[in-house]
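> One-letter residues, chain by chain:
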Amino acid sequence: AQSVAQPEDQVNVAEGNPLTVKCTYSVSGNPYLFWYVQYPNRGLQFLLKYITGDNLVKGSYGFEAEFNKSQTSFHLKKPSALVSDSALYFCAVRAPSNTGKLIFGQGTTLQVKP
Amino acid sequence: SQTIHQWPATLVQPVGSPLSLECTVEGTSNPNLYWYRQAAGRGLQLLFYSVGIGQISSEVPQNLSASRPQDRQFILSSKKLLLSDSGFYLCASARFGVDTEAFFGQGTRLTVV
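Chains as they are written, first to last, in the numbering used here: chain A, 4 to 117; chain S, 12 to 124.
No lab work stands behind these hints, which were simulated from the structure alone.
All values reported here derive from a predicted model rather than from experimental measurement.
By construction, the Cβ of each residue, glycine as well, lies at the ideal position given by its N, Cα and C atoms.
Each hint should be verified, as a subset may be incorrect.
[Unchecked claim] Quick look at which bits of chain A chain S covers, simulated, 3 or more residues with Cβ under 8 angstroms: (1) 41-51; (2) 104-116.
[Said to hold, decoys possible] Taking beta-carbon pairs under 8 angstroms as the criterion, some of the chain A residues facing chain S (in silico): (3) TYR35; (4) PHE37; (5) ILE54; (6) PHE93.
[As the list claims (entries may be wrong)] Derived DMTMM-like pairs: lysine to aspartate or glutamate, alpha-carbon spacing no greater than 25 angstroms straight-line: (7) A:LYS104 - S:GLU33; (8) A:LYS104 - S:GLU70; (9) A:LYS25 - A:ASP12.
Could you put the whole structure together from the sequences, leaning on the hints where they help?
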């Protein structure tokens with residue numbers, strides 16, 4: 004069965020510092036992995052994805068994520084956090100089949116303080 | 012890219028009343044469609060997904076049902092709402108093999124009173 008774990012309910016960083024939001028997954032076969040961001044009372048916005056190829060993927064707003072197959076992880080990173088990055092972040096996984104079942108983690112609140 | 016339309020944005024319904032939330036998709040054809048519920052601003056629970064017209068997979072036994080009468084239309088329904096049905100409902104669309112990522116609507120905030 005597919006599952007995603009985001010071990011931290013909240014991550015606090017100071018503006019200008021690097022940030023990491025953790026994600027581990029479980030899926031049969033090679034995973035498709037995604038990060039989304041959600042602002043209050045809004046839908047989810049796509050940030051980046053890993054499908055195949057280079058383990059380091061770059062996405063929107065300066066975010067990047069590293070796929071680590073041996074650790075089954077896909078951590079979200081940014082070299083220098085902005086106050087405007089404060090939001091709820093979701094990791095998601097899908098098995099590469101056409102059943103299309105897309106499973107999300109519980110979300111991590113990122114708080115960036117000035 | 013795809014555009015997902017959800018309405019209404021906000022809904023307050025009494026316990027025992029029926030529910031119908033509609034989601035329509037523009038900019039693609041034959042997408043996979045999803046209904047998620049988000050409680051208290053936290054995780055997304057997958058309720059239903061559909062890979063084609065009339066094909067519905069239910070993930071969680073509950074008071075809700077879903078239908079897909081047209082390729083780009085996905086409806087979430089209930090005959091009698093419960094207090095526990097309150098939450099933020101999100102519709103998503105994904106054309107796997109083309110876009111790979113899912114696109115989300117802006118959500119419906121349902122409060123059952």
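> Against this structure, judge whether each hint is valid.
Verification of the supplied hints:
1. 41-51: holds (count 7)
2. 104-116: Result for this restraint: holds, n = 7.
3. TYR35: This hint holds: TYR35 of chain A lies near chain S, its Cβ roughly 6 angstroms from the closest one there, short of 8 angstroms.
4. PHE37: It holds, given that the least Cβ distance between PHE37 of chain A and chain S is near 6 angstroms, below 8 angstroms.
5. ILE54: Holds, because the Cβ-Cβ distance from ILE54 of chain A to chain S comes to roughly 6 angstroms (cut-off 8 angstroms).
6. PHE93: Holds - the Cβ of PHE93 of chain A comes within 8 angstroms of chain S, reaching about 7 angstroms at its closest.
7. A:LYS104 - S:GLU33: 20 angstroms, holds
8. A:LYS104 - S:GLU70: Distance ~10 angstroms between LYS104 of chain A and GLU70 of chain S Cα, so the pair holds.
9. A:LYS25 - A:ASP12: 10 angstroms, holds
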